[in-house]
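Please construct the entire structure, taking both the sequences and the accompanying hints into account.
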Amino acid sequence: MQDDIPVGPKKKMLSSNNAGRGGLTREVQAKIGQQLRSIYNDVVDQGVPDRFLELLNKMDADKKKTDKDVG
Amino acid sequence: MALDPTLRDTVLASVPSLRAFAISLCGTVDRADDLVQETLLRALANIDSFQPGTNMSAWLFTILRNLFRSEYRKRRREVADSDGSYAARLKTHPEQEGRIEFGEFRAALSRLPDEQREALILVGASGFSYEEAATICGCAVGTIKSRVNRARARLAELLSIDSLDEFGPDQTTRAVLVGFDK
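If you're matching them up, the sequences are chains D and B in order.
Each residue of the first sequence is one higher than the one before, starting from 28 at the first, in my numbering.
Each residue of the second sequence is one higher than the one before, starting from 21 at the first, in my numbering.
Quick caveat, the hints were computed from the structure, so don't treat them as lab data.
There could be a bad hint or two in this list.
Unchecked claim - From the structure, some residues in chain D lie toward chain B, with a derived Cβ separation under 7 angstroms: (1) Leu63; (2) Val75; (3) Asp77.
What the hints assert, rightly or not - Simulated crosslink set (EDC-like; lysine to aspartate or glutamate; CA at most 20 angstroms straight-line): (4) Lys92(D) x Asp68(B); (5) Lys85(D) x Glu124(B); (6) Lys85(D) x Glu58(B); (7) Lys91(D) x Asp24(B); (8) Lys91(D) x Glu81(D); (9) Lys85(D) x Asp29(B); (10) Lys90(D) x Asp29(B); (11) Lys90(D) x Glu151(B); (12) Lys85(D) x Asp54(B); (13) Lys91(D) x Asp53(B); (14) Lys85(D) x Asp68(B); (15) Lys85(D) x Glu91(B); (16) Lys92(D) x Glu81(D); (17) Lys90(D) x Asp134(B); (18) Lys91(D) x Asp29(B).
Said to hold, decoys possible - The following label-pair restraints were derived from C-beta to C-beta distances: (19) Lys92(D) x Ser69(B): 19 to 29 angstroms; (20) Lys90(D) x Ser166(B): 36 to 46 angstroms; (21) Ser69(B) x Asp87(D): 14 to 24 angstroms; (22) Gln73(D) x Glu124(B): 20 to 30 angstroms; (23) Glu124(B) x Lys92(D): 49 to 59 angstroms; (24) Gln73(D) x Thr26(B): 35 to 45 angstroms; (25) Ala88(D) x Asp134(B): 36 to 46 angstroms.
Ideal placement from N, C-alpha and C gives every residue a C-beta, glycine not left out.
Printed below as a string of structure tokens:
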């Protein structure tokens, strides 16, 4: 589930014909996909910002405390 | 009992792509991060309803999208008008300009209808199958396929890519380069 754009039942039609869905050529589709993944991965590559690590740590700690108080 | 460390790691591993999806929905990093935070709080509060063995990432994306739909979209509608001004707004956020380059493609992407953009992102960038994207968006698989197709066609149109059959491969390639690499 990483890179390739999933292709449904129309795969055969697409691979046998340069022009794919909506009249877009495979080159255009590929270029769009490449640009899309590029801007998306710009964000993904930033990793997990500290605020979310801290959030999970805090929630974990709070939960432990609650469990302890209850139990 | 504390949160299962494995679950915790799985949730954390999804954060980068959750942010990328959230930014594509919200348009600004700050708002997107708030949405991700809200998603994590909601998810962890309901972690018992997550079925082990199913796709954690898809589960989190579903929560995030539902939250966005119920709250953030309303807010955005208050400030955003229809077409180009949204892209213009993206460009004027100085805190973002330092981090992400806003090119022609990004501007075109921001002009897609929300439903088309999210379908295209989920399938074309997040790597979800059409089936998973349909589950996340709460619609039929055929609807997702149709939205993705329309999104691609609209992008090509906005970027002035001539893509019809009458163009040979060379001309098409040239058109793509002109369209994207400015």
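Results of checking the hints against the structure:
1. For Leu63(D), the interface hint holds, since its Cβ comes within 7 angstroms of a Cβ in chain B; the closest pair sits about 5 angstroms apart.
2. Restraint check, Val75(D) versus chain B: the minimum CB separation of about 5 angstroms is within 7 angstroms; hint holds.
3. Given hint, Asp77(D) at the interface with chain B, is violated; its Cβ is 11 angstroms from that chain's nearest Cβ, farther than 7 angstroms.
4. Distance check on the hinted pair: Lys92(D) and Asp68(B) sit about 19 angstroms apart at the alpha-carbon level, within 20 angstroms; holds.
5. The suggested pairing of Lys85(D) with Glu124(B) is violated, with an alpha-carbon distance near 40 angstroms, which exceeds 20 angstroms.
6. For a cut-off of 20 angstroms, the pair hint linking Lys85(D) to Glu58(B) stands: about 14 angstroms separates their Cα positions.
7. Taking the CA atoms of Lys91(D) and Asp24(B), the gap is near 11 angstroms; set against the 20 angstroms cutoff, the hint holds.
8. Between Lys91(D) and Glu81(D) the CA atoms are separated by roughly 15 angstroms; this keeps the pair inside 20 angstroms, and the hint holds.
9. Note on Lys85(D) and Asp29(B): the hinted pairing holds, with a Cα-Cα distance of about 15 angstroms set against a maximum of 20 angstroms.
10. Using a Cα cut-off of 20 angstroms, the hinted pair Lys90(D) and Asp29(B) holds, with the two alpha carbons roughly 16 angstroms apart.
11. For the hint linking Lys90(D) to Glu151(B), the alpha-carbon distance of about 35 angstroms lies beyond 20 angstroms, and the restraint is violated.
12. In summary, the hint linking Lys85(D) to Asp54(B) is supported, as the alpha carbons are separated by about 16 angstroms, within the 20 angstroms threshold.
13. Restraint check for Lys91(D) and Asp53(B): not satisfied, since their Cα atoms lie roughly 26 angstroms apart, outside the 20 angstroms limit.
14. Proposed proximity of Lys85(D) and Asp68(B) is supported: the alpha carbons are some 19 angstroms apart, at most 20 angstroms.
15. For the proposed pair Lys85(D) and Glu91(B), the alpha carbon gap of about 25 angstroms is over 20 angstroms, so the pair is violated.
16. For a cut-off of 20 angstroms, the pair hint linking Lys92(D) to Glu81(D) stands: about 16 angstroms separates their Cα positions.
17. Taking the CA atoms of Lys90(D) and Asp134(B), the gap is about 37 angstroms. The hint is violated against a cut of 20 angstroms.
18. Taking the CA atoms of Lys91(D) and Asp29(B), the gap is near 17 angstroms; set against the 20 angstroms cutoff, the hint holds.
19. Look at Lys92(D) against Ser69(B): about 23 angstroms separates their beta carbons, and that is inside 19 to 29 angstroms.
20. For the hinted restraint 36 to 46 angstroms between Lys90(D) and Ser166(B), the CB-CB distance of approximately 43 angstroms keeps it satisfied.
21. A hinted range of 14 to 24 angstroms for the beta carbons of Ser69(B) and Asp87(D) is consistent with their spacing of about 19 angstroms.
22. One distance hint, 20 to 30 angstroms for the beta-carbon pair Gln73(D) and Glu124(B), holds here, with the actual separation near 22 angstroms.
23. In this structure the supplied range 49 to 59 angstroms holds for Glu124(B) paired with Lys92(D), their Cβ-Cβ distance being about 51 angstroms.
24. Taking 35 to 45 angstroms as the suggested C-beta distance range, the pair Gln73(D) and Thr26(B) does not conform, at roughly 24 angstroms.
25. Distance hint check: the CB atoms of Ala88(D) and Asp134(B) are about 37 angstroms apart, consistent with the given range 36 to 46 angstroms.
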